[in-house]
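Protein chains in written order, with my numbering: chain A, 1 to 320; chain B, 1001 to 1309; chain R, 2001 to 2463.
Calculated from the structure, these hints are not laboratory results.
Just so you know, these numbers come straight off a predicted model, no measurement behind them.
For glycine and all other residues, C-beta sits at the position ideal for the given N, C-alpha and C.
Each statement offered as a hint is correct.
Calculated pairs, SDA-like style, for lysine to any residue (alpha carbon to alpha carbon, straight line, at most 20 Å): (1) A:K67 <-> A:T90; (2) A:K120 <-> R:T2326; (3) B:K1281 <-> R:T2361; (4) B:K1281 <-> R:W2235; (5) R:K2447 <-> A:G184; (6) A:K170 <-> R:S2443; (7) R:K2449 <-> A:R188; (8) A:K174 <-> R:A2444; (9) A:K67 <-> R:R2211.
Some chain R residues well away from chain B (every beta-carbon gap over 12 Å; in silico): (10) R2022; (11) F2073; (12) A2116; (13) L2119; (14) F2127; (15) S2179; (16) T2189; (17) F2254; (18) I2258; (19) S2359; (20) E2441.
Estimated spans, in silico, between C-beta atoms of each pair: (21) R:K2449 <-> B:G1124: 48 to 58 Å; (22) B:G1143 <-> R:G2063: 56 to 66 Å; (23) R:R2025 <-> A:H254: 46 to 56 Å; (24) A:V150 <-> R:E2412: 56 to 66 Å; (25) R:P2275 <-> A:G161: 33 to 43 Å; (26) B:G1199 <-> R:R2025: 25 to 35 Å; (27) R:K2449 <-> B:G1199: 43 to 53 Å.
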Amino acid sequence: MTTQTQSLYRWKDDPVLTVEHLSMRFGGLLAINDLSFEVGRGDITALIGPNGAGKTTVFNCVTGFYKPTEGRIVARHGKGAQTEAVDHATRTGKRWHKSGEGAVFLLERMPDHEISQKAKVARTFQNIRLFGGMTVLENLLVAQHNTLMVASGYTVGGILGLPSFKKAEKAAIKKAVYWLEHVGLVDRADDAAGDLPYGDQRRLEIARAMCLDPQVLCLDEPAAGLNPRESADLNMFLRYIRDTHGTSILLIEHDMGVVMEISDHVVVLDYGVKISDGDAAAVKNDPKVIAAYLGVDDEAEIDVPEVRQDLSGAKGVPHE
Amino acid sequence: MEYFVQQLINGLTLGSIYGLIAIGYTMVYGIIGMINFAHGDVFMIGAFISLAVFLVLTTVFGVTFLPIVLFLALVVSMLFTSFWGWTIERLAYRPLRGSFRLAPLITAIGMSIVLQNFVQVTQGARVKPLPPQIQGGVELMSGSVDGTTINAQLSYMQMIIIGTTFVLMVAFSLLISRTSLGRSQRACEQDRKMASLLGVNVDRTISLTFIMGAALAAVAGLMFMLLYGVIDFYIGFLAGVKAFTAAVLGGIGSLPGAMLGGLLIGLIEVFWSAYFTVEYKDVAAFSILAIVLIFMPSGLLGKPEIEKV
Amino acid sequence: MSGPGLVSAARTPNASQGAESRMTRALREASIAGALAGVLGFFFLALRTDIVTGGLEVTTRWGLWFTAIAIVFAGRLALNLFWFGHSYGAGKTAGRKITRLLPSSKIVGRVALAFALILPFFFMVLFPNRDRQYIDLSILIMTYIMLGWGLNIVVGLAGLLDLGYVAFYAVGAYSFGLSAQYLGFGFWTALPMAGLLAATWGLILGFPVLRLRGDYLAIVTLAFGEMIRVVLINWKSFTGGPDGVSGIPKPTFFGLEIGRGSGSFGDVFGLPYEPIHRFVYLYYIILALALLTNFVTMRLRRLPIGRAWEALREDEIACRSLGINTRNTKLSAFSTGAMFAGFAGSFFATRQGFISPESFTFLESAIILAIVVLGGLGSQIGIVIASVVMIGGIELLRNLDFLKQIFGPSFEPAEYRMLIFGLAMVVIMVWKPRGLVSTREPSATLKEKKLIGADQIAQGEGH
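Please model the entire structure based on the sequences and the hints provided.
Quick look at the structure:
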């Protein structure tokens, strides 16, 4: 655990992803209203909130599945906020800008497939989206599509059976096996992904996203439906990803146990508005957060021990 | 001007027929999310039954009072075509409900081939011409262009077609909005599993949907036969595609949309033929289908779909 | 929901209905089916309208009507007594067991290939009198196999439902027909051009429509297919309109004509000319084209592009989240499929020597799609089986002359071809919704190759 050693708001100093004044409107419904937050480089950031708070909508905006009504979403490769580069890109109407410091990507301008390919923001889905009729291995190879496409000379070289492509494919399989080892699925590599038990599917989906070598990994309720043991394993796995690969993680989670244990930074949403933002300790004592989860007025004095306990997410609390 | 008014009337007449067929597509799509490809051929079946009833009454029983003949032809054709609609659903679609989506589409295409060829084998491939039965009409306006007189006439036949369509449409809307059948139907549209948990007999509701669709197609079949005076086993395909276009244009799943779409397709087709080229009138309908689906897939009166991620 | 689905199959027999014996129940259901047949058939079997001088006339055919009712009654009774009773609840698993029992598709494929290679000689030796007819039928079946394999890329692999595939077949045929007519092109010059043109048309038509969902895509492709046909009919000055294009040259053998006279194939190789040579040559051309289609498809499946197609069929949204440009991927599948249809089209033109819009109706698209789906989406060998069964089967009807002795001389078995074809489509689909061969072979393996069962495979249902 590396959390408490650095400054309190370091995600503002070195954000890998910033969401600025994001609004998303569906017809008459304002799902997200002027939302801003940062995801620190190398942090595990949790986005929490009651059902219908708009968390998945934020994900869909970040990963390009929805075009936000308003706002800017910036992903950065390289250190620091790179303000100049961001301004430059915004002004010139470009989708990204590369400079000596690194590169910035304006995600709201990019189509979904470019976001994962170029900006290196990968995601998983709340209702797992694996390629059920393909094997576990194939799932991980599809994730390396763009690399393999180039290696296959955009198919021409592949049809001719060039050795360079064979080499690239071997490397891709190697990478897949690496991730399968870490999620404990090597033995099932040749089984249909749809045949796996639920927990394995969740982990496979994360492994698949990791095959993209993402800078930011967005996980939509990764612990949903997992038992406490699986949930604990997941925490270890996420930390491993962050520590070994330096991937920043943004996750939506309902399981407070998971959130409070592993998050460096928690952002709380309610009705599309940010109501709290800080480290886990700060957020869990925020009366607004407690109110949102209980559904009472902000002003009301709350002191319900069970709720506090639930929010603080002691590890022993069962979540079945 | 007279020419224009005349085309307007013709277009509305043709559009009514398309609208009646389109309702069948839109209801079935709304409730089970499939394109009932055989529906155009159900319309053709309806036309053939109408013709047979008409001939039996006039030649065998010697009934000459036209309103009675038409009324009986309408009722009998609606009844018998309903049986066809019910049977098709029962044999070809119901066993595949819950299966993957391509399967019922393939059986629907298969059914369409079966119906066409069944009629071709049993009734022959040649067209069946029926001399015009209802003549005369009301002259609305008259004028002359370059010395030739042009009249805009609303014929009695067109009155009957538009009138019948209108009455049926109103009756139908009431049926859907006021009765428990309509309620079950809408419940099934929203969520079939939930509806069945709440005690809606889903199978029965779907069957009734097919029956109603077929009955309306039978009406369209009779109208078509009266209007054009000639039918063959192949009329279902083109009419079906155009009616489907109408359903999509109006917003699939929406009954008023289907009717509106039908009228628009009828008008477009007639005006296209009148002012451009007759040969390409089908291309016009097909282009509209493509354009609508590409640029406004939820149609004029349909609900927009938000992609669920 | 699967299993036998004829009238009231859903009513499962169970112990609580013990009071009603199986026979009674079977009789009751058979009566209902018979009555229904009577109602449905009344205006079509019992009555017939015909044109006579002075209008239309209705004739009655009670015998036919009663026969039909009796057949349905008996059929339903037999089904109830001998079929449904045994297979209840087994519907889904039965199909899978059958595929497991089949020898691996590799062996079947090799045997089929070996047979396909010697087929003309097989017919020439065994049926010297009918060899021409059988080889011609083989050419026809092989054309459908090739079309099936081409469409399989679009529908089976990429999960894009294309009901207008015949449009690209037409583009291929007309690009050869017209280039032969106006530019004097030969088959081998026109062949690559036909493929290229069809692929280009695939891109042009695919570009606007490929973002549509499953069945909407189907109906738009149908519309495009019909539009191309209507244009072919009406652009008389260029395409010849309904009369089509005739006098399309036969393919040459490295510049040698297969025919009589000096400088012809027979002349150079010292073989006396026989008309059968032409058929054999055409057969080998279409065999080579079909095998090329198969080879390319199998190769593509193991390449990233093919894997992306299948991933697209499984889950388009997941594909987008993995950096796959779904639009380009779909277009590549669509135009690759179109290209093979273009090749097949120009072969069709050279085989017939004459083409007209008549040959490119929606029915043709439906037949090809039916072959792909009935064979089992994505399965190459399934398509071969389906083509042989469906095309070969209905063509055989033409030869059932003995039926004339039963039903009288006016009976034309060939008239029933499409009726039976349609019925077969419905029945096979209800019996095995996943097609005849429904397992999927993975495109890459780590240790051991395992087939994937049909229940896991998605069918490209859109979003």
